[in-house]
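S.K.: Position chains D and Z against the provided structure of chain G, taking the given hints into account.
Protein chains in written order, with this note's numbering: chain G, 9 to 365; chain D, 899 to 1222; chain Z, 301 to 743.
Hints in this document: simulated from the structure, not taken from any laboratory.
A hint or two may mislead.
[What the hints assert, rightly or not] Lysine-lysine pairs mimicking DSSO-like chemistry, simulated, CA-CA at most 30 Å apart:
| hint | chain 1 | residue 1 | chain 2 | residue 2 |
| --- | --- | --- | --- | --- |
| 1 | G | 136 | D | 952 |
| 2 | D | 1067 | Z | 577 |
| 3 | G | 100 | Z | 458 |
| 4 | Z | 694 | D | 1067 |
| 5 | Z | 497 | Z | 458 |
| 6 | Z | 723 | Z | 694 |
| 7 | Z | 723 | D | 1051 |
[To be verified] Stretch by stretch, here's where chain D covers chain Z in the computed footprint (C-beta under 8 Å, at least three residues):
| hint | stretch |
| --- | --- |
| 8 | 502–510 |
| 9 | 536–544 |
| 10 | 570–578 |
All residues carry an ideal CB built from backbone N, CA and C; glycine is no exception.
So the chains spell out like this:
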Amino acid sequence: MFYREAGQFKTTYAADMAVFPVLQDRIGFGAILAVAYLVLPFASEFLLHVVMIPFLIFSLAAIGLNILTGYTGLLSLGTGAFMGIGAFACYKLTSIFPNVNIIVWVIASGFFAAAVGVLFGLPSLRIKGFYLAVATLAAQFFLQWCFIRIPWLYNYNSSGSIEVPERTLFGIPITGPTATASSRYLVVLAIVAVMTWIASNLVRGRIGRSWMAVRDMDIAAELMGIRLLQTKLVAFAVSSFYCGVAGALLMFLWYGGGESGVFDINQSFFVLFMVIIGGLGSLIGSFMGAALIYTLPIVLRATPAALGVPLRSETVDHLTFMTVGVLIIGFLVLEPMGLARLWQITKQKLRVWPFPY
Amino acid sequence: MPGPSPVNILYQVFIDPFVQMGTAPDLFVQTIWEGFVTGVLYSLIALGFVLIFKASGVFNFAQGIMVVFSALTLVGLHQHGLPAFAALGLTIVIMYGLAFGVERLVLRPLVNQPDIILFMATFGLTYFLIGLGELMFGGEPKTMIADQLYLPKGAIDLHILGGLVSLQKLDITGAVIALVMVAGLGVFFQKTRIGRALRAVADSHRAALSVGISLEQIWVIVWFAAGIVALATGVMWGARSDVSFALQIIALKALPVLILGGFTSIPGAIVGGVVIGIGEKIGEFYWGPLLGSGIESWLAYVIALIFLLFRPQGLFGERIIERI
Amino acid sequence: MRCKHLVLGTALALGTVAIIPVAASAEDSIYVPLMTYRTGPFSASGTPIANGMVDYLNMINARDGGIGGVKIKVEECETGYDTAKGVQCYESVKSKNPIVTTPYSTAITLQVIPKAGVDKVPILSMAYGLSAAADGNVFPWVFNPPSTYWDGASIFVKYVGQKLGGVDKLKGKTIGLVYLDAPYGKEPIPLLQELAKDYGFTLKLYPVPASEMQNQSALWLGIRRDRPDYIYMQGFGAMNPTAVKEAARINFPMEHLIGNWWAGGESDVRPAGDGGKGYLSLDFNVVGHDFPVMQDIIKYVVDKGGSQVASKADVGENFYGRGVLNSMIIAEGIRNAQKLTGRQVITGEDMRRGLESLNIDQTRLDQLGMVGFARPFRVSCSDHSGHHAAYVAKWDGHTWVKDSDWIEPMKDKVLPLIDAAAKQYATSSTGWPKRTEPCDKSS
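Bound conformation, chain G alone (with noise of 0.2 Å):
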C-alpha cells in the first residue's frame, strides 16, 4: 500500500523502458538528489570527507568492477591497480599540462586505465572464472611494481608519492588543501551521477545486453553472433575506465596526496566485496554495497565508543573485522543475489503490505 503503481499507465514503448517507470520511483530519486545536492553540502566535514565521498567513489569503482565481473561474468582482482592508473594517469596529465581543467584529465585518465585494461583483458578470451581472476592478478602485481619502479610516473620526487597540486573549477579550489570538503563532493557527486547515468544507460542497450548474453553463456552468445572478444574487451574497457576515474578521484579528491601502495591487492578485494555483497548485476547494488562495506567497519569501530564499552582501540578493531566477516556471511545466506535482490524484495513487500500477497 505504500508503493502502489495502480492507475499509473504507460501508454508508449519509451515509458514502459523508462529508468523509473513508477511514480513513486521518480518522486523518490527526485528527493534523494535534492538531499544530496542541496542537503547534505551543508554537511559536517566529517561526514562528507569520511563518509560522502569515499562512498560515492567506491560506488563509481564498484560500479566499473560490475560492469565487469556483474554484467559480463569475468572475474578480476585487479580492480585496485587500474584505479591507481588512473591516478597516476591524471597525475602526470595535470603536471604536463596544468592549465587544463583537473575535471577533463580526471575523465581523460580514465582513457588510460580503459587501455590498460584492454592489454590484460586480451587473454580472457580464453581463460575463464578462476583462472582468468588469476591472469588479473598478474596485472595487479605487475602495476603496482610499474607504480614503483617507474619514476617517471611521480615526476622523480624523493618521496615517491603523488603531490595532489592545487587545482581551481570556476575559480573555486576543487583539489588540495584549501579546497573544502563540500566543494570536493559537489564535484564527485556531479561525475558519479553522470557516469551512473551514461552506465545505467549503457548495460541497458545493446551493449549491455550483448555482455550479459555473454555472461550467462558465452558459446550460445557466439552462436547467436555476438564477438566475444570485441565484447568482452569493451567490458574491459568500461570497467576500466570507471575503475581509472574512480581512482584519479581517490587520489585528487580524497586522498589529496598519498603513494601507490593505497592501490594495492586489499583494494581490489575491498571492490569486488562491494559488487558481490551489493548485487552482481545490478548498479543500485553497487551503490548499496560500497555503502554497506566501506561505512559499516566505521559504524563499527564508533558503537563501542558510543555504546559507552570501554574497549581497547586494537580489540575494538578485531572485533570489527570479525563482524564484518560474519556480516558477509550472513548477508550471502540470508540473500546471495545482494542487496540489490533484498532490496527489490523489500519493495514487492512495500507494495502488497499489508497483505501477504
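M.R.: Leaving out everything else, chains D and Z in the frame of chain G:
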C-alpha cells in the same frame, strides 16, 4: 658498463645469465634448491586449495589465513603454557572444529549457490579468522616453536662444483613432510572408503548423493584435511621466517601454482608449485637485476599466464568441454 | 538508479554516527590524539611504540598532574597502518581540538601534510614521513626531529668509514641497500648514490617487494653472488626478521648488516634466534629501563596496572623507548607553548609555536630523567628536524647494546637534498602557501 645498445641488451638478456650459470654452478644449484624449497611450500598451500575445490567446488580464499591461523594457534597455545606437542594436538582439534563450523555455518546454508558467492563467503571467513586470531593471540610476529617440535636446525654444507651449496636441514624436512603428506593423501584417496567417497563427490555431487554418500561428512573431512595441510605449511614457513599475518599475502602465490597445475589435480599442485618456485627464483636471480630486481612479486603470475594461453585448463587440469 | 534511496538512508544513518564523537570541548584538558597501530602486519613495531607513547603521557598526568596543571587527555586511534583508516582517525578527532597529529605511517603523513596548515594542527612525524619536511620555511606545520632518513644513511656511511679506518677506505668497496620496495624504503637511495660518487664505493640495490617480505631467498642469493662489504637495511615489519634470518643462512657477517632505526625493534631480530646475534641497527634512544624516566613510568603507570605492556621487561625495549621519546617531544612542545603564550590550555597553533622553538638541552634532559637516554636536541624555524646524531646499537641475543659513539650526520650532503626536495614539493603542489607564520625565539 657499456651503454644500452641493442646488442648489449640482447647479450644481457640471452647470454649473460647462462654464462653466469656456467661460471658459478654452485650458485645455480643453490638457486634451484631455494626455488624447489619455496615451491614445495607453495605446493602445500595449493594442495589445501585443491582438496577443497575438488570436493566442494569452493575456491577457498581463506586457505592463506588458515595457514596463518593454525600456526598462530600452535605458537599461541604454546606461549600460554601448553607443551609443544599438546599444543599441536589441540591445534589439530581446533582445526577440526573450524572445519565443522565452516561446514555447518557457511557451506550448508550456501549449498548450490554460484561459485562466486561461495568464493565471497570464504572472504568473510578470512576476515573472521584475522580478527579472531589477532584477538586471541595478538598480531605481532611470533617465533615458530621449531626446537620444541624437534625440527632440525643448521645446514648441510656441500662443497661441490667449486663452491658451496648449503642445504638447510629445515628445508629438507619440509620437503620430506610435503612428500609424506602427498603420499598419505594419495593413499587415502585411492585405498580408503572415505577416499573413494571423496572421489565420487569430486566427480558428481548429485550422483554421489544418490548412492548414499553424505556430502556434509565429506566436506568436514576435506576442510579438516585442508586445515592439517595449512598447519604443516604454517609450521614450515613459520620456521623459515616467522609467524605473522603478512604470510597471508604469500598464500596468494598458490594461485598461479593452481593455474599451472589445474584446480583439481593433486600432482598438479605439487609439480606446479615446484615449477613456479624454481622459475621465480631463477628469474629473479638471473634476470631480475636487469629490471631493477623485485620482479618476484609478479613473475609467478606471468609465468602462469603464459602457460594458460596454451593450456587454459592448466597442465594437469581436466579438459574443459563446453556444451550448449 | 533507485540507489539514491539508499544514499539517503545511509546518509541519515551515518548522520547519527557523525554526531557520536561529540566535541566535548574540554576547557580544562589538552587533547592529544595518538594514531597508533596495534593490529595488522606491522603491529609488532606499532604496539611497543603505542605503549611507550601512551604510558609516558599517562605518567606525566599521574606524577605531575598534567602539564602546567592541565591534564592531558590521551586517546588512541587505531590505524592498522592503513591509509583509509588514518583518514578516518584524522577527521574524527578534528572536532575535538587536537593539538598535534602523530600519523606513524609514511603514507598517512603524506596524506595529512597538506591539511595541517589548513586545520592548524601541527604534525609531529618523529624521524619518519617526508624528509623534505625538515625545511621549516616550506613546511611550517610539519616537524620531523631528531633526524631524517638521509641523515640516517649518511650516519651509516660514516660508521662504515670508521670501521674501515677512514672514509677514504670506502673506495672500491661495495655497499648494498636492502629496502622495502615502497617510497619509505627507497628514500635513502639518492643520498647513497651521491655518497657513492663522492667516496668511490659501489652501491647495489636489493628491493624487497611488499608482498614478498617473507620470501627473500633469491635476493639473499644475489647478495651471496655480489658479496657487498656492508649492507644498509631500510626495512619494516615482517621484512626485518626474515632478512636477518636469511642473512644468517648465507653466512653474511651480522656485524656488516646495519638496519635503519625502524629496523631495530626487538621483534625484528628476536625471531632470528641466535642467528641474529651481532645484528646492528641505527638508534637515537638508548635501550634500558634504568633511566629515571622509565622508573617513573613503572612506578606511576605500570605498577598501577595502567599500561598495556605484557610485562615490566617490555618497558625500556627499544621501540617502547622510541614511543616515550615521541611523547616527551609532545609534552615538551606543550610546555613550551604554554610558556610562550601564557595560556594553560593551548591550541594547535600554539603547539606549532611550541614545537618550533623547542630546545631540549642537557639540563632539561636531566630534569626529565632522560640523561643518557636521549641526546639534547633542538629545532628551529628553518630546520624542523635538527639533523641530530644517532648511534649504532648491536643485538647481543637478548637486548640492544650501544656499539658506537653518537655519530653526526653529514649535514653538508643532506641539506642540499632537503632543500631541493622541499622546493620540488612546493612547486609541484601549486598553490602551496608561503610561510606566513612568525618565528619565535628558541627557548
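S.K.: Give a verdict on every hint.
M.R.: Evaluated hints:
For the proposed pair residue 136 (chain G) and residue 952 (chain D), the alpha carbon gap of about 18 Å is at most 30 Å, so the pair holds. Restraint check: the Cα-Cα separation between residue 1067 (chain D) and residue 577 (chain Z) comes to about 21 Å, which is no more than 30 Å; the hinted pair holds. Restraint check for residue 100 (chain G) and residue 458 (chain Z): the C-alpha separation of about 38 Å exceeds 30 Å, so the hint is violated. This hinted pair checks out: residue 694 (chain Z) and residue 1067 (chain D) have alpha carbons roughly 28 Å apart, not beyond 30 Å.
Distance restraint check for residue 497 (chain Z) and residue 458 (chain Z): the Cα-Cα separation of roughly 15 Å lies within the 30 Å cut-off, and the hinted pair is therefore satisfied. Among the hinted pairs, residue 723 (chain Z) with residue 694 (chain Z) is inconsistent with the structure: their alpha-carbon atoms are about 37 Å apart, more than 30 Å. The straight-line distance between the Cα atoms of residue 723 (chain Z) and residue 1051 (chain D) is roughly 53 Å, outside the 30 Å bound, and the hint therefore fails. For the stretch 502–510 of chain Z, the stated coverage by chain D is satisfied: 6 residues place a CB nearer than 8 Å to a CB of that chain, which reaches the threshold of 3.
Given a C-beta distance limit of less than 8 Å, the hint that chain D covers the stretch 536–544 of chain Z holds, as 4 residues qualify and 3 suffice. Chain D is given as covering the stretch 570–578 of chain Z, and this holds because 3 residues of the stretch bring a CB closer than 8 Å to a CB of that chain, at least three being needed.
Violated hints, in rising order: 3, 6, 7; the structure is consistent with all others.
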